[in-house]
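When you get a sec, could you build the whole thing from the sequences and use the hints?
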Amino acid sequence: MEKTEKIKIIILAAGKGKRMKSDEPKALALLKNKPFLQHLLDTLKELDPEIKPIIVIGHKKERIKEVLGENHIYAEQHEQLGTGHAVMAAREKAGETPHEMVLILSADQPLVSKETLENLISVHIEKHPTVTIGTIVVPDYEDWRVGLYSNFGRVVRDIDGKVKKLVEFKNATEEEKKIKEVNPALYVFDAKWLWDNIDKIEIDPTRNEYKVTDLIYIAFSQNKKIEAVPITNIFEGLQPNSKEELDILEKLI
Numbered sequence: 002m003e004k005t006e007k008i009k010i011i012i013l014a015a016g017k018g019k020r021m022k023s024d025e026p027k028a029l030a031l032l033k034n035k036p037f038l039q040h041l042l043d044t045l046k047e048l049d050p051e052i053k054p055i056i057v058i059g060h061k062k063e064r065i066k067e068v069l070g071e072n073h074i075y076a077e078q079h080e081q082l083g084t085g086h087a088v089m090a091a092r093e094k095a096g097e098t099p100h101e102m103v104l105i106l107s108a109d110q111p112l113v114s115k116e117t118l119e120n121l122i123s124v125h126i127e128k129h130p131t132v133t134i135g136t137i138v139v140p141d142y143e144d145w146r147v148g149l150y151s152n153f154g155r156v157v158r159d160i161d162g163k164v165k166k167l168v169e170f171k172n173a174t175e176e177e178k179k180i181k182e183v184n185p186a187l188y189v190f191d192a193k194w195l196w197d198n199i200d201k202i203e204i205d206p207t208r209n210e211y212k213v214t215d216l217i218y219i220a221f222s223q224n225k226k227i228e229a230v231p232i233t234n235i236f237e238g239l240q241p242n243s244k245e246e247l248d249i250l251e252k253l254i
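Residues 2 to 254 in the working numbering are what the sequence shown spells out, letter by letter.
Derived by calculation from the structure, the hints in this document are not laboratory data. Hints are supplied without guarantee of correctness; some may be wrong.
[Stated by the list, open to error] Calculated cross-link-like contacts (lysine-lysine; reagent style DSS-like; alpha-carbon spacing at most 25 Å): (1) 201 with 171; (2) 62 with 17; (3) 17 with 7; (4) 225 with 193; (5) 94 with 181; (6) 62 with 94; (7) 66 with 53; (8) 181 with 7.
So this is what it looks like as structure tokens:
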């Protein structure tokens, strides 16, 4: 893909994945006998073989290096203090080379496609927003979607239909939980704005975490432009959190 030299890609891979009940970090959970993170890296290679993402590691970092090898750029998150903190941990590595955009992905997104990433980046380049996010609209929270989508964060819009904030399920009101537009955690940020504002994220005292999703409301409160790109294949956003959810996903694809 053109213009990927202007993009810095950060993959958040420091999570424990406690509900997987495995000794492996969640990034190394297997889907079709391949680690989640390797699925994502293979997709990025399709996007541009020259791309070298920054992989943020923490929990069992040496195991991830052992599986993936040393031929990657790693940044270490010394404490598990949330997704926002993980992005902060990548700042120094990201600053080593000039870049205009930052694409943030999660290591547990094995099904995201090259086409979706191309679309997110293209929209960001063409429309020049501060933030571009992917969103998925589910028909309901029934059947397999109960386990795999009901606990996703919701996309909250203002009365004009503009994206206002991303609210995590645990923090959502009962009305917000009814929203069918969910957050699959795919973000493209203007690089200067991101690094100028990342430290404005405040810690969530209920979970002792800094959440990257808070950046959306920070941008909204500054009257910055936020683009939402619909992802039509709803399987692409799936991030199984337990062996049971992984079993369901294996049967669906």
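Checked hints:
For the given pair, residue 201 sits about 22 Å from residue 171 by alpha-carbon distance, which is consistent with the 25 Å threshold. Between residue 62 and residue 17 the alpha-carbon distance is near 10 Å, which keeps this suggested pair within the 25 Å criterion. This hinted pair does not check out: residue 17 and residue 7 have alpha carbons roughly 31 Å apart, beyond 25 Å. With a C-alpha separation of about 13 Å, the suggested pairing of residue 225 with residue 193 holds against the 25 Å cut-off.
With a C-alpha separation of about 36 Å, the suggested pairing of residue 94 with residue 181 is violated against the 25 Å cut-off. At most 25 Å may separate the alpha-carbon atoms for a hinted pair to count; residue 62 and residue 94 meet this at roughly 17 Å. Taking the CA atoms of residue 66 and residue 53, the gap is about 15 Å. The hint holds against a cut of 25 Å. For the hint linking residue 181 to residue 7, the alpha-carbon distance of about 33 Å lies beyond 25 Å, and the restraint is violated.
Hint compliance for this structure: hints 3, 5 and 8 are not met, and every other hint is.
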